[in-house]
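Student: Take a look at the letters that make up each chain.
There are 2 protein chains.
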Amino acid sequence: MYDLLLQHVDVLQITNGVPSILSRHDIAIVNRRIAAIAPQISPGLARETLNGEGQIAIPGLINSHAHTAMSLFRGVAEDVPIEEWFNNFIWPLETNLTPEDVYWGTLLGLAEMIESGVTCVADHYFMMDVIAQAVQETGMRALLAWTLFSGADESDQLARARQFTKQWHGAAGDRIRVWMGPHAPYTCTPSFLRRVAQTAQELGVGIHIHLAETAAQVTQSLSAHGRSPVVVARDAGLFDGPAIAAHAAHVSPEDIAILAGHGVAVAVTPKTEMKLGIGVAPVMALREAGVTVALGSDGAASNNTYDILESARLLALLEKLRSGNARAMPVGATLELATAAGAQALGWQNEIGVLHVGARADLALVRSGAAHLQPLHDLAATLLYSAQPADVSTVIVDGRILMRDRELLTIDKPRVLREVAARIERLTQRQTAQRIAVYPDARSA
Amino acid sequence: MYDLLLQHVDVLQITNGVPSILSRHDIAIVNRRIAAIAPQISPGLARETLNGEGQIAIPGLINSHAHTAMSLFRGVAEDVPIEEWFNNFIWPLETNLTPEDVYWGTLLGLAEMIESGVTCVADHYFMMDVIAQAVQETGMRALLAWTLFSGADESDQLARARQFTKQWHGAAGDRIRVWMGPHAPYTCTPSFLRRVAQTAQELGVGIHIHLAETAAQVTQSLSAHGRSPVVVARDAGLFDGPAIAAHAAHVSPEDIAILAGHGVAVAVTPKTEMKLGIGVAPVMALREAGVTVALGSDGAASNNTYDILESARLLALLEKLRSGNARAMPVGATLELATAAGAQALGWQNEIGVLHVGARADLALVRSGAAHLQPLHDLAATLLYSAQPADVSTVIVDGRILMRDRELLTIDKPRVLREVAARIERLTQRQTAQRIAVYPDARSA
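If you're matching them up, the sequences are chains A and B in order.
Here the first sequence is numbered in this note's numbering, starting from 1 and rising by one per residue.
Here the second sequence is numbered in this note's numbering, starting from 1 and rising by one per residue.
Bound conformation, chain A alone (with noise of 0.2 Å):
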């Protein structure tokens, strides 16, 4: 018996960064995994089928870098460099966070990534309690980590986290799991760093950290320690295990050589390195070393969307102007990067980010009908350069259905949408003397 039977899918594979496209194929789903993929499965064995007619059947989309939950922030702090972004918006105004309110941002952002194709995101943030229910509770697939800062409670941050670990690693049937979130080299000491990669290391878990963001950042890591950001990060243990680097915008060759050999992953979110003016990572240096690079979204306060897609589009469009080579990040290698990369990234290789049978059955369906779609010459094409979010149809979880015909089935969308609406006006409430921490003036550096 199949629990689930996908009838007359087109299935989007990609093998080396080639695409290639399974026509009008039967996807059956046994067990939260995919368990067959063949042009006709007798629906006699299905406890439910879905008519996939006229959609391409594509992994889940893999957000590896997202502050969820700053949904609530969304268009806050437009049009103004990060010093200020930080220290007059996002730090003063994440200090009125309640865990209600992380939870229904939370949620928000959530409704919008399965709105979107996106299936599994890796969250940085704090209140990360709350964010495991809403996970839980969604069917989303996350990989969780509890933003820790240097200051006077360390030592009960850590504990936290620890106690947070336990809880949640390998929750839900091991659709959550959780790794270590300093938050970057700016904004913890060495020595706090190198106690979040012991703790990491007893754990058996992974690291998630903010890396090299700024040219200020490196300029200021060389000055305070007489060394790269990613020199420190390494320096104190957080690259001994698994780790996922976002942003190394800034990084030297030899940056590039460490990272690759301690197989750290880089989450790079064009958007908001665009938006921000901060830089975007070299990343045709850093796949040429071997490093892997995946795709994240960052926040909505400084992304403005959960989508995955145009964090992909954005990055390849920009690889092929700054080379000026056409041939630049192709199409398929482009799709891997939002997929089998982010799965790689955040230490699920192999089990997401791919349609295979044995595969966890984590996919999105895109509707391919559409006037801006036709006529499909080139459907991965379509798919990375003409698709919009509104074209995903259904959005597929283990195995479970989050989202059927643009219908959320596990989030009361309407009530997320009231929740939020009525926390705002105290949400930005503004007190700049009041922050989360204090981001470094680059003059000082």
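No wet-lab data here; the hints were simulated from the structure.
Yeah, the Cβ is synthetic: ideal placement off N, Cα and C, and Gly gets one too.
Fair warning: there could be bad hints in the mix.
[Claimed, not checked] No more than 25 Å apart at the CA atoms, straight line, and that leaves these computed lysine to any residue pairs for SDA-like: (1) B:Lys413 <-> A:His8; (2) A:Lys166 <-> A:Phe149; (3) A:Lys413 <-> B:His8; (4) A:Lys413 <-> B:Arg406; (5) B:Lys413 <-> A:His377; (6) B:Lys413 <-> A:Arg406; (7) B:Lys166 <-> B:Arg195; (8) B:Lys413 <-> A:Ser368; (9) A:Lys413 <-> B:Gly54; (10) A:Lys413 <-> A:Ile401; (11) A:Lys413 <-> A:Gln136; (12) A:Lys413 <-> B:Arg367; (13) A:Lys413 <-> A:Thr428; (14) B:Lys413 <-> A:Gly369; (15) B:Lys166 <-> B:Pro99; (16) B:Lys413 <-> A:Arg367; (17) A:Lys166 <-> A:Phe192; (18) B:Lys413 <-> B:Met127; (19) A:Lys413 <-> B:Ala370.
[Said to hold, decoys possible] Restraint ranges, calculated between C-beta atoms of paired labels, are given here: (20) A:Gly17 <-> B:Glu84: 11 to 21 Å; (21) B:Gln136 <-> A:Glu288: 46 to 56 Å; (22) B:Ser323 <-> A:Thr95: 23 to 33 Å; (23) B:Pro414 <-> A:Gly263: 44 to 54 Å.
Please build the complex by placing chain B on the supplied structure of chain A, with the hints as guidance.
Tutor: Chain B only, in chain A's frame:
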């Protein structure tokens, strides 16, 4: 009496690059123009009302450079450099086109444009008579230019363009205007460009031309003529009247001064220019010099969509990245490129691209309630950075509703999709010996 009354909409206005919102206003339309904008207008005076609650009224978006019928070739030539794109794909494929193909391809492209809030397009193609027919039937607004190439039949081409201009310039209640469309200085001789300029002057119309798309084109022009493409165009008299220069990616300070001095508008097509890796115009320098910069989609064979908000978003992101300044191309100024600046470029300034009393009633309503748009801290930023074409619900051109609640009222979309599908196999037969023109090999420069 009002012909149409839009009720309870949030009205986006932009003045000198600064956006403002008139909350919950009504817009009355009389005789194809906006007759009143006020908090409450009596519906008793309206022949038809439309409840726009929860929607943003924006000026209809203006696509300042497109080849609409190239929707037929969406995705046909991916990840290839411009020489190969032209010589091995587009120009051979275009020899397959019949007038009927161009007609249906144009309808497909116009359907996509209307569905994404575009109300006016500057189209540059051939078999322009069937394109004019399609524009007339759909109710769109367009500035049409019949593409001209140097060759043995220059006089015939000029005669045809002259005849086309006489027939269609000012047609459909002035929804359709015609300019001359010399293809580019690399496909037209200086003497032919001079004849085109003289014809345009005689007819009292402007010029729409491709200019300085690639660095190689500039090198070739310097080598062949001792002058840049901009100087060649100026010397031919192409800038003696109104003109749109598409791309202008590679312009010197002298070129920029010429464009500014002659009031030539530049239509930037950022997605195409990034995707082909050919470079994007120095938008900040052009604007500082006083050049009107507008936005285009180019054809779907390079751009893959006709989504002008996507072009606007790309341009702002790119300028922030290139300048390292998050304040560059702020939200209001960027939205202006897609609206008022487009109107200026096409010679329709103050008539379209603005929501003011007296302007033509060309506008779109955008639903603001979706999860990916909420909460609404900054409505203009949400439009630019979060909205999708699918959020556009209703489109009005010249006071006539072309789309209502996502339903196209002037295009039989199922029939268009069927007609396009029936043509694709024939249209994708590629015989590279047969071409519209030959793109010069960069190495020959």
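Student: The structure should be examined with respect to each hint, and the outcome stated for every one.
Tutor: Hint check results:
1. B:Lys413 <-> A:His8: holds, 24 Å
2. A:Lys166 <-> A:Phe149: Holds, because 20 Å separates the two Cα atoms, which is no more than 25 Å.
3. A:Lys413 <-> B:His8: Holds, at roughly 24 Å.
4. A:Lys413 <-> B:Arg406: The hint holds at about 22 Å.
5. B:Lys413 <-> A:His377: holds, 19 Å
6. B:Lys413 <-> A:Arg406: holds, 21 Å
7. B:Lys166 <-> B:Arg195: holds, 17 Å
8. B:Lys413 <-> A:Ser368: Roughly 14 Å separates the two Cα atoms, so the pair holds.
9. A:Lys413 <-> B:Gly54: Roughly 16 Å separates the two Cα atoms, so the pair holds.
10. A:Lys413 <-> A:Ile401: holds, 16 Å
11. A:Lys413 <-> A:Gln136: Between Lys413 of chain A and Gln136 of chain A the Cα gap is close to 16 Å, so the pair holds against 25 Å.
12. A:Lys413 <-> B:Arg367: Holds. Lys413 of chain A to Arg367 of chain B sits at ~16 Å (cutoff 25 Å).
13. A:Lys413 <-> A:Thr428: holds, 22 Å
14. B:Lys413 <-> A:Gly369: holds, 11 Å
15. B:Lys166 <-> B:Pro99: holds, 20 Å
16. B:Lys413 <-> A:Arg367: holds, 16 Å
17. A:Lys166 <-> A:Phe192: Given pair Lys166 of chain A, Phe192 of chain A holds - Cα atoms ~20 Å apart, limit 25 Å.
18. B:Lys413 <-> B:Met127: holds, 22 Å
19. A:Lys413 <-> B:Ala370: It holds: about 9 Å lies between the C-alpha atoms, which stays within 25 Å.
20. A:Gly17 <-> B:Glu84: 11 to 21 Å: holds, 20 Å
21. B:Gln136 <-> A:Glu288: 46 to 56 Å: holds, 53 Å
22. B:Ser323 <-> A:Thr95: 23 to 33 Å: holds, 32 Å
23. B:Pro414 <-> A:Gly263: 44 to 54 Å: Between Pro414 of chain B and Gly263 of chain A, where Cβ atoms are some 51 Å apart, the hint holds.
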